[in-house]
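Top line first, the protein sequences correspond to chains D, A and Y.
First residue of the first sequence: 1, per the working numbering; consecutive thereafter.
First residue of the second sequence: 1, per the working numbering; consecutive thereafter.
First residue of the third sequence: 1, per the working numbering; consecutive thereafter.
Just so you know, the hints here were simulated from the structure itself, not pulled from any lab data.
Hints are supplied without guarantee of correctness; some may be wrong.
[Stated by the list, open to error] Distance condition first, Cα-Cα at most 20 Å in a straight line; then the derived EDC-like pairs of lysine to aspartate or glutamate:
| no. | chain 1 | residue 1 | chain 2 | residue 2 |
| --- | --- | --- | --- | --- |
| 1 | Y | LYS207 | A | GLU384 |
| 2 | Y | LYS264 | A | ASP401 |
| 3 | A | LYS139 | Y | GLU204 |
| 4 | Y | LYS112 | Y | GLU127 |
| 5 | Y | LYS112 | Y | ASP243 |
| 6 | Y | LYS264 | A | GLU485 |
| 7 | Y | LYS328 | D | ASP192 |
| 8 | D | LYS19 | Y | GLU261 |
| 9 | D | LYS78 | A | GLU166 |
| 10 | Y | LYS264 | Y | GLU120 |
| 11 | Y | LYS112 | A | GLU166 |
| 12 | A | LYS139 | A | GLU485 |
| 13 | D | LYS78 | A | GLU485 |
| 14 | A | LYS195 | A | GLU166 |
| 15 | Y | LYS264 | Y | ASP165 |
| 16 | Y | LYS329 | D | ASP281 |
[Stated by the list, open to error] One-sided excerpt, in silico: chain Y residues whose CB lies under 7 Å from chain A:
| no. | residue |
| --- | --- |
| 17 | GLY129 |
| 18 | ALA131 |
| 19 | ALA133 |
| 20 | GLY495 |
For every residue, glycine included, the Cβ atom is placed at its ideal position computed from N, Cα and C.
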Amino acid sequence: MSSITSFRQSGKRQRQLSKLIRFIIAIFMILFALFPVLWTISASLDSTGSLATQKLIPDNASLDNYRTLLNSTTFPYKTWLWNSLRVATVVTILSVLITTMTAYAFSRFRFSGRESMLKSILLIQVFPATLAMVALFALVQQLGTFIPALGLNTLSGLSFIYLGGAMGINIWLMKGFFDTVPKEIDESAMVDGATHWQIFWRLLFPLVRPVVIVVGLLTFIGVYGDFILARILLKSTPKLTVMVGLYIFQDNQFSQNWGVFTAGAVMAAVPIVILYLLLQDYIAGGLTAGSVKG
Amino acid sequence: MKSKKFYLMLVLVLFGALFLVACGGSDEPEETTTTSETTAEEAVVDTEATAEAEAAMAEEEAMNAEATADAEAAMAEEDAMNAEATADAEAAMAEEEAMAEATEEPMEEDAAATDGPTLTIWADETRAPVLETLAEQFKADYGITLVIEQVAERYEQFNIAAPAGEGPDIMLAAHDRLGGFVESGLVAPIDLGAKVDNFTPESVQGFTYNSELYGMPYATENLAFFYNKDLIDTPPATWDEMVEMGQALMESGDATQVIALTGTTYDIFPLNTGFGGYIFGQDADGNYDPTDVGLDSEGFIASGDFLQGLVADGLISNTTDWDTAHVLFEQGDVPFLMAGPWALNRLRDSGVNYGIATFPTGPNGEVSAPFLGVQGFVVNALSENVLLAQTFLTELVANDDIMQALFDADPRPSAWIPVLEKIDDPDIAAFGEVAPSASLMPSIPAMSAVWGTWDPAIALILQEQETAEAALTNAATQIRDAIAEQ
Amino acid sequence: MTTSVSEQAQTGRSTPTATITGMLLRLILLGVFDIGAVWLITGMFFDGYWPLAAMLAFITIAVNIIFLREGMYPLRWMAVGLSLLLLISVYPIFYTVYLAFTNYSDGYLLTKQQVIDQKEGDVYLPETGQAVAYTAYRSPDGNYVLWLQSENPDSPLNNVLAEPDVDIGESTIEVGDFDENGIPNSVAGYERIPTAGMFVALSELDKILFGGTEQGVQVRGINEASQVQQRFVYDPGTDTITDQQTGIAYAPVNGQFVDEEGNKLPQSGGFIITVGLDNFSRFFGSSAIGGPLFQVIVWNFAFAFLTVLMTFFLGLFTALLFNDLPGKKIIRSLLIVPYTIPSLVTILVWKGMLNEQIGVFSNVLQDIFGSSPPFFTNPTWTRFAILTINLWLGYPYFMLVCSGALQGIPQDIYSAADVDGANAFTKFRKLTLPLLLVAVGPLLVASFTFNFNNFNVIYLFNKGGPPIPGADTPVGYTDILISYVYKLAFGGARGSDYGLASAITIIIFVVVMVITLLQFRYTNMWEAGEDV
């Protein structure tokens, strides 16, 4: 009896030790993750602004850069942020929907050309897109002459281009995930007379929800943080997304305005962190808790 | 922002989503009783329909777009911000159909919605606000609508946008990009008429390419020699003297380096020229000759040897960084710095007791010449309003008030003589004293081959990986090859 | 089981009992889509955007086939996704392939037609031509007339009214009182435009010829008009542009209009032409292909491979490790932060922190060890720094992905292992990891290819440096192919050479494609994907 208790105790102690060790690792990881971020924040508090010489607490710390961004009419940060949020939201919803449907078909149907299509989708993503900007500019410009809403300098045109952007990889991620869901589930439903549509929407979609949310979050962050495409397609100040807007501040060769740039970047990061906090339970709620209906 | 377009899009998305749900749902009670075969087929319709709904979305948007684009044009005029955000969403939904029908007429650009022509100007974050403040006045006085766009990497974007007819009418540009633009046929010549005499000759020269003027200058810029007055009484007359002074300070512990270098190309050019180096030879008219590459000239190599010697003696760092160099100078760790007028603001903020002087001369008394850059406006040759853009510049921008405003926003020596003469800022005046010795930065396209080769050559010299001779000879060969390939 | 599902679909497909409403709805929607598409395609075709029109036509036809043929049922699920993919991802690839065969670069950015149009708009003032001062008048319906004044009092252009399409002196419009400068205050039916209003008028005036073809004048500025003539005339028959002023003819050669002696058409850009394999042979013929290229490729592979390996394992590690710690939500949220700030900023912050002279890392290391590593001048240290930064940038991505993927692994697979008494590590290795790799495997490949072309981190940190001594082209120890291409194609004597860059991009594309396919074969990913 006593030996069992002591065994239990040692197990408990072991678990506590492992917790402690992991706690220490966590602290190191957080230091690694956050140190550059703290540096960025300190740069955003410094009105003289130079990225190399930041002290953790700048000598002349002030919120000037934040104030500039929030009050300036020449640099309407709030509008930019709102633009970004809208674009990212719309793109995320649509993209997840389209991606999931496509991935479902790839996972659940067998048809000729399936494998080569899957391969092609991945190979397309391999293309070094550095130069595709010229092509995308032409594409949007030409579309825009007929469908002004999809033209240059419109947020909807930009969203349209984003829709095609990360789709390939996400199709793969979703498809791989559908694959891990046993087909018996569909099958029994099929026997019960469910349509593919019902299987997809009622059965599988809830099952793959964690990955749907991950894909959505990745898409959201990707779209939200992009400036490479957006700066080519957007020009007029009130239409810019937040990253393009901020990008302007570091463009001057000799007078990059790092303070404002970092301030804007820090503020822009907040919505994403909040979003992650909100969605976290779905993504990583209880890996061991067995919350998944298998 | 109340971009109705966006709400429309959102509504459409929601419609699409609802459609999906509705279809999936409605099937359930009805079809569960039927055979699996028909339900499978029913699914065909569902997915097809939804797919269509989305595919058609682009189309629907096309229709709505015309409505929304108009609405937007109107919106651009309103200044009120997102007050009616949520109300709008519903309104947009209700109006959706009505609007789609109501506005089948050809759609007009934002500009056309307001009367009078529009001039679009591409500028950067420092200059855009000045131009912005002028816009209202121009609209009231002359009926011209100015649209100022802050465009990052605008030269690269100009290359892409202008040929597609999407470029600005006017762009703020540095003169060294002129060659590429002219050779591409993207900028229109400009005639300053009698006003040309009000511009400094070197600024006009900067925007002249193949004997034709392609831009209206407004400011010039060049490096000058900064020294810390707390450490140095009189600025050194020669580079060797600079080393002696710096070395003395290092020995007394007042300095960590003799001089902090801010870069490897433009930023050390005065040193190169001080020893007799040059980039391209010049003909009698001052035009640069791309066949005469001077990177491996005796003087250039001598300057490289000089730099390598300083590194070897531990007198300067073997790395260069713009930010770092300024910080070291501001902290008083380094007594000398080569910097431009754009650094004045930060130097003043830092409180360092600086003085600005002409550059020390070389060992044989050569003048150390920095590059001269000219800032100005160029007109897009593919603009719809070339003549208006040119006239706008020559009649409305080329005057004391505007030139003064541009100077105030971005203090670099003005290219407009009346403003230049009025400048009482001693620092800017000091830069002006260096200016006559400066040589115009080459604007010929061959220069782009130089930047990428010059930089690694100097880096290799500073890192003592190669002798100055080897590094610079190799660089010069590479440049000649690249130019010959043309 | 796979077969049974597909059989279901099979039977569904062949069944003739499709509901009428469903069928009708599908046809109507397809019809609407087709009408829109045809309108768009024809419009684009006639506007000269034929490559895009062709792509759209292809998509439209494909969509029609998919939705009309019952056998294509599975593809209906993908129609939207694949259409977007074709339009937004595939079209640019085709476009880049096309560019690779052109001379598109600084100096050759316009089409031939654009150059011709531009030159035909040029004017000159012949020796006999006169420049005069003018005053403009506008009618309520938007027509203009000019009052001309010449410095030469005997000139037919002095004190005369000029109308569009009416010869000088023939104008019958009545002129009102004159002001002190001899300019009419009004003209019948027209109103004099004040100077301030001239800027608005100018955008319309400059397109009008006043006073007939013989002696007509064109507005050249706010108060100057002159008898300019069109300077360059293009003759489509001979395909030459002739300078009316000098009589010299310019013919198109290699994307430039040149005269017989090879002089370029003055003030003119070149135009885009196809140049065959020129860009490819330039690349393969250049010294760039020699020594450093091999070095660049090796480092490129090492960089991409190590990055994926490290980011994946650190991501997985963070996804697993803190699961039952108190405050795990906070911990994870903090760990995701590096992913939420644009890398443009954070790379440069890292660069600042590692700065050899004043960076915080160097200072601390200096204080502890008396020296600090040369993160920018020593190849090994620079590579180490870049990998560290990239690890920092990349692990949150895999942390997210792995969290999601682990969530989906059914818990019951572990129960058998629990009975067997397998320890946690064995369970992880034997059960979790293989299942995880099924879902995440393709992402590893994708991450590899992304990092293979990760220009930003390389270029922002140290521009590919430190430079390799004695190389034939400017190249550094940390350059990867894409940054090397950038240096070659945008640092040449031609400025930005998009044609050459496209050609090299295509070559890299092919190389990476082959590697990706090999990776698939090697890792048996296809088989895994097929069987599950």
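Tested hints:
1. Restraint check: the Cα-Cα separation between Y:LYS207 and A:GLU384 comes to about 10 Å, which is no more than 20 Å; the hinted pair holds.
2. Taking the CA atoms of Y:LYS264 and A:ASP401, the gap is about 41 Å. The hint is violated against a cut of 20 Å.
3. Only pairs whose Cα atoms come within 20 Å are accepted, and A:LYS139 paired with Y:GLU204 is accepted, the gap being roughly 17 Å.
4. For the given pair, Y:LYS112 sits about 30 Å from Y:GLU127 by alpha-carbon distance, which is inconsistent with the 20 Å threshold.
5. A distance of roughly 17 Å separates the Cα atoms of Y:LYS112 and Y:ASP243; the hinted pair therefore holds under the 20 Å criterion.
6. Between Y:LYS264 and A:GLU485 the alpha-carbon distance is near 18 Å, which keeps this suggested pair within the 20 Å criterion.
7. In summary, the hint linking Y:LYS328 to D:ASP192 is not supported, as the alpha carbons are separated by about 42 Å, beyond the 20 Å threshold.
8. Taking the CA atoms of D:LYS19 and Y:GLU261, the gap is about 84 Å. The hint is violated against a cut of 20 Å.
9. Taking the CA atoms of D:LYS78 and A:GLU166, the gap is about 27 Å. The hint is violated against a cut of 20 Å.
10. Restraint check for Y:LYS264 and Y:GLU120: satisfied, since their Cα atoms lie roughly 16 Å apart, inside the 20 Å limit.
11. Proximity of Y:LYS112 to A:GLU166 is assessed by CA-CA distance (about 18 Å); at most 20 Å being required, the pair is judged to hold.
12. The straight-line distance between the Cα atoms of A:LYS139 and A:GLU485 is roughly 50 Å, outside the 20 Å bound, and the hint therefore fails.
13. Taking the CA atoms of D:LYS78 and A:GLU485, the gap is about 50 Å. The hint is violated against a cut of 20 Å.
14. Proposed proximity of A:LYS195 and A:GLU166 is contradicted: the alpha carbons are some 30 Å apart, above 20 Å.
15. Between Y:LYS264 and Y:ASP165 the alpha-carbon distance is near 35 Å, which puts this suggested pair outside the 20 Å criterion.
16. With a C-alpha separation of about 8 Å, the suggested pairing of Y:LYS329 with D:ASP281 holds against the 20 Å cut-off.
17. A cut of 7 Å between beta carbons decides the hint on Y:GLY129: the least distance to chain A is about 16 Å, and the hint is violated.
18. A cut of 7 Å between beta carbons decides the hint on Y:ALA131: the least distance to chain A is about 12 Å, and the hint is violated.
19. About 13 Å separates the beta-carbon of Y:ALA133 from the nearest beta-carbon of chain A, more than 7 Å, and the hint is not met.
20. Given the 7 Å rule on beta carbons, the hint for Y:GLY495 holds: about 5 Å separates it from the nearest Cβ of chain A.
Comparing the model with each numbered hint stated earlier shows that hints 2, 4, 7, 8, 9, 12, 13, 14, 15, 17, 18 and 19 do not hold.
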